[in-house]
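Q: Each chain, written out:
2 protein chains.
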Amino acid sequence: MSPAIAIIGSGNVATQLGLALQNKGLNIACVYSKTHNNAIALAQLLDTKAVQFTNEIPNNLDWYIIAVNDDAIAAVSAQLNVNGIVTHTSGSVSIEVLCKHERRGVFYPLQTITKNANIDFSAINILVESADENDAILIKKYAKLLSDKVLEVSSAQRQMLHVAAVFANNFTNHLMGIAKEILETNNLPTNLLDDLILQTANKATLQHPFSIQTGPKVRNDINTINKHIELLQSNSDYLRLYLLLTESIGSKTNH
Amino acid sequence: MSPAIAIIGSGNVATQLGLALQNKGLNIACVYSKTHNNAIALAQLLDTKAVQFTNEIPNNLDWYIIAVNDDAIAAVSAQLNVNGIVTHTSGSVSIEVLCKHERRGVFYPLQTITKNANIDFSAINILVESADENDAILIKKYAKLLSDKVLEVSSAQRQMLHVAAVFANNFTNHLMGIAKEILETNNLPTNLLDDLILQTANKATLQHPFSIQTGPKVRNDINTINKHIELLQSNSDYLRLYLLLTESIGSKTNH
Numbered sequence: 001m002s003p004a005i006a007i008i009g010s011g012n013v014a015t016q017l018g019l020a021l022q023n024k025g026l027n028i029a030c031v032y033s034k035t036h037n038n039a040i041a042l043a044q045l046l047d048t049k050a051v052q053f054t055n056e057i058p059n060n061l062d063w064y065i066i067a068v069n070d071d072a073i074a075a076v077s078a079q080l081n082v083n084g085i086v087t088h089t090s091g092s093v094s095i096e097v098l099c100k101h102e103r104r105g106v107f108y109p110l111q112t113i114t115k116n117a118n119i120d121f122s123a124i125n126i127l128v129e130s131a132d133e134n135d136a137i138l139i140k141k142y143a144k145l146l147s148d149k150v151l152e153v154s155s156a157q158r159q160m161l162h163v164a165a166v167f168a169n170n171f172t173n174h175l176m177g178i179a180k181e182i183l184e185t186n187n188l189p190t191n192l193l194d195d196l197i198l199q200t201a202n203k204a205t206l207q208h209p210f211s212i213q214t215g216p217k218v219r220n221d222i223n224t225i226n227k228h229i230e231l232l233q234s235n236s237d238y239l240r241l242y243l244l245l246t247e248s249i250g251s252k253t254n255h
Numbered sequence: 001m002s003p004a005i006a007i008i009g010s011g012n013v014a015t016q017l018g019l020a021l022q023n024k025g026l027n028i029a030c031v032y033s034k035t036h037n038n039a040i041a042l043a044q045l046l047d048t049k050a051v052q053f054t055n056e057i058p059n060n061l062d063w064y065i066i067a068v069n070d071d072a073i074a075a076v077s078a079q080l081n082v083n084g085i086v087t088h089t090s091g092s093v094s095i096e097v098l099c100k101h102e103r104r105g106v107f108y109p110l111q112t113i114t115k116n117a118n119i120d121f122s123a124i125n126i127l128v129e130s131a132d133e134n135d136a137i138l139i140k141k142y143a144k145l146l147s148d149k150v151l152e153v154s155s156a157q158r159q160m161l162h163v164a165a166v167f168a169n170n171f172t173n174h175l176m177g178i179a180k181e182i183l184e185t186n187n188l189p190t191n192l193l194d195d196l197i198l199q200t201a202n203k204a205t206l207q208h209p210f211s212i213q214t215g216p217k218v219r220n221d222i223n224t225i226n227k228h229i230e231l232l233q234s235n236s237d238y239l240r241l242y243l244l245l246t247e248s249i250g251s252k253t254n255h
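First to last, the protein sequences are chains G and Y.
Going by the working numbering, the first sequence opens with residue 1, and the numbers climb by one from there.
Going by the working numbering, the second sequence opens with residue 1, and the numbers climb by one from there.
Because the hints were derived from the structure by calculation, they are not lab data.
Be careful, since some hints might not be right.
BS3-like, lysine-lysine: derived pairs with alpha carbons at most 30 Å apart [stated by the list, open to error]:
id	chain 1	residue 1	chain 2	residue 2
1	Y	Lys-227	G	Lys-34
2	Y	Lys-203	G	Lys-203
3	G	Lys-203	Y	Lys-149
4	G	Lys-100	G	Lys-144
5	Y	Lys-252	G	Lys-203
6	Y	Lys-141	Y	Lys-49
7	G	Lys-24	G	Lys-144
8	Y	Lys-149	G	Lys-227
9	G	Lys-227	Y	Lys-140
Chain G extracted, bound-state conformation (with noise of 0.2 Å):
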């Protein structure tokens, strides 16, 4: 018998996972979700059925998936009374939030920050962990059904993974902000830089950036640095990023 799951939550990731799984030839014996309206929603969709509770979630499935918000997981954790394996699907949040299950894991695709996307997850990396050496060998085994990217890593290496985003994604989206903005400021066209940062992102993923590295602070061309700060006093926010961020790269490079 094909192992049989049940759906804890109703958004994206559920959705997606749920329709994913039952592609495989998983079983989705049911859905719950907190609004039960959703629940019901999502059931339909998988042709299931949607529960209203907690305690009417069958005991004995093979496994859990709580694809809820971080800060509601732990509510939810608490609330499972089963024996099958229970995951959250959360970047950032230990697997230690699901201590209250022998059985606890995560299974976190490693999606892109995409709302309401639809997700292939054959092109995704799915990170997985587990408390247990056979539930790891069996939460691997699912993964891999959806995606040949499957790895295993520590909650302490997820949150690592975390804060290295933040700094690949939020971070430098902050600057591409700034950058348009000065464009618009100066009545350039806004596009003007879009190839660098198309050209500048894709490179970072050649090579390592710390080696292609360039720029006023790499060349050590101090009457450009100089410039640079005379021209953004206006504005102490920028001229303290430029400054700091400037000081980093040197960090880096040999001057």
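Based on these hints, arrange chain Y on the given structure of chain G.
A: Frame of chain G; chain Y shown alone:
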């Protein structure tokens, strides 16, 4: 008769511009370079003559293109005694460095940072400037031979564009380097965030980055921020960047 040009310099921009303009029917009358052998090599490529001293450059040509390092523009400009338009090709140097020449201008192909790659001028923005209105028309005409994306911008605008490019390229590259270093340090594959990096850049070209900012600061997720601060304690440089960038993101949101 087609306009006659002197190419001053023998580096990548000199070479690519010489080839592209010749290809459009302009007459490359001579090549000068501080290193005479380099001038000879480029002159051979362009099937024209190399001159060894600046006073051998004919003074009655239409256009003198100074495509040398930023720091060398002033010196070579001072050596020229000519009647045609004199332009440099730098993104960060003011037109006033050419003040000896009444007919001065800037012809700046806003290329990406790639060295020695073939430049497809038709795909890139050419930013032009001139001290004289008629010369501006002429320089734009030359630029439009190479690209449809010709834009007249002042030296002040060009210099702010350069600051913006530091934010959009140098600084984002550095942050992606930090992200990759964090992955390395934690024994995670360094390509784990590559999809995110590419999507972040792509999105930034489609919508204003400030309007699509994500992450803990935008969500006002203090718990996650405090967790990240704790995780970065061992690296004061990265911690300072985290704090300042988080604060800066906050200044663009409602929190």
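Q: Taking the hints in turn, state whether each one holds.
A: For each hint, the structure was consulted:
With a C-alpha separation of about 27 Å, the suggested pair Lys-227/Y and Lys-34/G falls inside the 30 Å cut-off, and the hint holds. Distance restraint check for Lys-203/Y and Lys-203/G: the Cα-Cα separation of roughly 17 Å lies within the 30 Å cut-off, and the hinted pair is therefore satisfied. Between Lys-203/G and Lys-149/Y the alpha-carbon distance is near 24 Å, which keeps this suggested pair within the 30 Å criterion. Of the supplied pair hints, the one linking Lys-100/G and Lys-144/G holds, its CA atoms being roughly 27 Å apart against a limit of 30 Å.
Of the supplied pair hints, the one linking Lys-252/Y and Lys-203/G holds, its CA atoms being roughly 28 Å apart against a limit of 30 Å. Between Lys-141/Y and Lys-49/Y the CA atoms are separated by roughly 25 Å; this keeps the pair inside 30 Å, and the hint holds. Among the hinted pairs, Lys-24/G with Lys-144/G is consistent with the structure: their alpha-carbon atoms are about 10 Å apart, no more than 30 Å. Under the criterion of a C-alpha separation no larger than 30 Å, the hint pairing Lys-149/Y with Lys-227/G is consistent with the structure, at around 28 Å.
Restraint check for Lys-227/G and Lys-140/Y: satisfied, since their Cα atoms lie roughly 28 Å apart, inside the 30 Å limit.
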